[in-house]
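The whole structure should be built from the sequences, with the hints applied where relevant.
First to last, the sequence lines map onto chains A and U. All letters in the first sequence, in the order written, are residues 4 to 154 by our numbering. All letters in the second sequence, in the order written, are residues 21 to 302 by our numbering.
Do not take every clue at face value.
Stated by the list, open to error - Derived lysine-lysine pairs resembling BS3-like cross-links, with alpha carbons at most 30 Å apart: (1) A/K47 / U/K178; (2) U/K65 / U/K149; (3) U/K178 / A/K93; (4) U/K236 / A/K46.
No lab work stands behind these hints: they were computed from the structure. Quick caveat, the model's predicted, so the values are computed rather than measured.
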Amino acid sequence: MSRSLWGFALVTLLAIAVPAVAHHAMQAEFDQNNVVVITGVLKKINWVNPHVNFLVDVKEPDGATTTWTLVHAGPNQMRAAGLSDRDFWKVGATYTASLALARNGSPRGYVFTIKTPDEKFIYLTFGNVGVDPLNKDGKGGLGNGRPTKFQ
Amino acid sequence: MRILTLLLALASVPGLAFAQEGEGGGNRPTAEELNAPMPRLSDGKPDLSGRWGNQGANFGGNAALQTRFDATGNYHNLRNDRKASPVNQERDAGMTSRFFSNVPMYKPEFWERVDYLDVNGNAEDSNFKCFPAGVPRMGAPMKILATPTEVVLLYQQKNTWRYVPLNRAHDKLNSRDQSYMGDSVGRWDGDTLVIDVEGFNEETWIGWPGYFHTNKMRVEERFRRQGNVIFYDVTVHDPDVLAEPWKMDQRVLRLNRNPLVQVEDPPCVESDGAHMYTKERG
Numbered sequence: 004m005s006r007s008l009w010g011f012a013l014v015t016l017l018a019i020a021v022p023a024v025a026h027h028a029m030q031a032e033f034d035q036n037n038v039v040v041i042t043g044v045l046k047k048i049n050w051v052n053p054h055v056n057f058l059v060d061v062k063e064p065d066g067a068t069t070t071w072t073l074v075h076a077g078p079n080q081m082r083a084a085g086l087s088d089r090d091f092w093k094v095g096a097t098y099t100a101s102l103a104l105a106r107n108g109s110p111r112g113y114v115f116t117i118k119t120p121d122e123k124f125i126y127l128t129f130g131n132v133g134v135d136p137l138n139k140d141g142k143g144g145l146g147n148g149r150p151t152k153f154q
Numbered sequence: 021m022r023i024l025t026l027l028l029a030l031a032s033v034p035g036l037a038f039a040q041e042g043e044g045g046g047n048r049p050t051a052e053e054l055n056a057p058m059p060r061l062s063d064g065k066p067d068l069s070g071r072w073g074n075q076g077a078n079f080g081g082n083a084a085l086q087t088r089f090d091a092t093g094n095y096h097n098l099r100n101d102r103k104a105s106p107v108n109q110e111r112d113a114g115m116t117s118r119f120f121s122n123v124p125m126y127k128p129e130f131w132e133r134v135d136y137l138d139v140n141g142n143a144e145d146s147n148f149k150c151f152p153a154g155v156p157r158m159g160a161p162m163k164i165l166a167t168p169t170e171v172v173l174l175y176q177q178k179n180t181w182r183y184v185p186l187n188r189a190h191d192k193l194n195s196r197d198q199s200y201m202g203d204s205v206g207r208w209d210g211d212t213l214v215i216d217v218e219g220f221n222e223e224t225w226i227g228w229p230g231y232f233h234t235n236k237m238r239v240e241e242r243f244r245r246q247g248n249v250i251f252y253d254v255t256v257h258d259p260d261v262l263a264e265p266w267k268m269d270q271r272v273l274r275l276n277r278n279p280l281v282q283v284e285d286p287p288c289v290e291s292d293g294a295h296m297y298t299k300e301r302g
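Encoded structure:
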């Protein structure tokens, strides 16, 4: 999948995560019906507004490494949800995640579900969000922890 | 007005969450809160000092950790969006913002511009690019420090603050400057603190759906404390573009005694803009 020629002229900007109202413009950037599963090494966490993002190094089938950007909710929402503990995410460890893929084909996605190095599942979105291979019934019940082939 | 036409057709969708911008909103106060003894400053005026509003009340609490991690150690995010969809969340929030019954009434010739800004909000709304929301879109303060001569308003969002000297005229330079939060001066009208703000730039909006203003906008904020509750009213004057002053819906700020709620707001670093593929923003 070539990522070098994304000549889209549509340069629009993201909504800031305002408390009580999430103007994420998620739909403008990501396609919740185009879900991929990636596995890679957590390289860095950017704990910033308007969206927390994780950088994950993913080894592609041809051996090259691609750094994916995993886009989360806002940092205050993550904090309120109890996911900001400094010992919870392990930089350098291997994570698997299902993502709504960026519409422009960039290696970035809106996080649905994350599998941690100790085989726990972090279901960040419930319900009717398209096809989530790590959360097949939309209730977190059927996550099998086996990522599909890198797409 | 095509977007309004489209949205009118969708207005009957049930289950919309009520959306408000800024912070500091609260639920209906109890009689106990309203009847609590009100502290006063040495000059006899109500003491507005305190942590106000419910935003952040869940921050730092272990309850979230305990209830959202199940017995096996998996974590479940308890979304309350319609069909638990983040797309529905933003669409519902956007529609609700446009369908407030109380919207600023622009002169007829300016509605086309409001519509344009709304449709192109991903590019046109500076708040999306991490710029300050400005007064009054930034909402009510999360904390107030008050003395008989000055009031300091603290906001969690973007760790911002406003300084309000009391009983003096606007600074001639600052009030003709162009800033995000304007030049504020305060005075007492009986037991109500009235803050007059002018000297704004034209970068900010007064509301999410493209509600722009000019640099001649003047904002009047009124803080009336009763017991452990502050009633916060805002009136926007911008006669060049508004047909009449706009009174925002009253916000009710309840005294917040949670000692864990004051947290640093992480910096805003916009990185999604280059990846926006459509104009949709809710």
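Is it true that the CA of A/K47 sits at most 30 Å from the CA of U/K178? Holds, because 23 Å separates the two Cα atoms, which is no more than 30 Å.
With the threshold set at 30 Å, check whether the alpha-carbon distance from U/K236 to A/K46 stays at or below it. violated (48 Å)
Agreement of U/K65 and U/K149 with the hint, judged by alpha carbon distance not exceeding 30 Å: violated (40 Å)
Proposed proximity, A/K93 with U/K178 (alpha carbon, max 30 Å): holds (27 Å)
Hint check: violations occur at hints 2 and 4; the rest are consistent with the structure.
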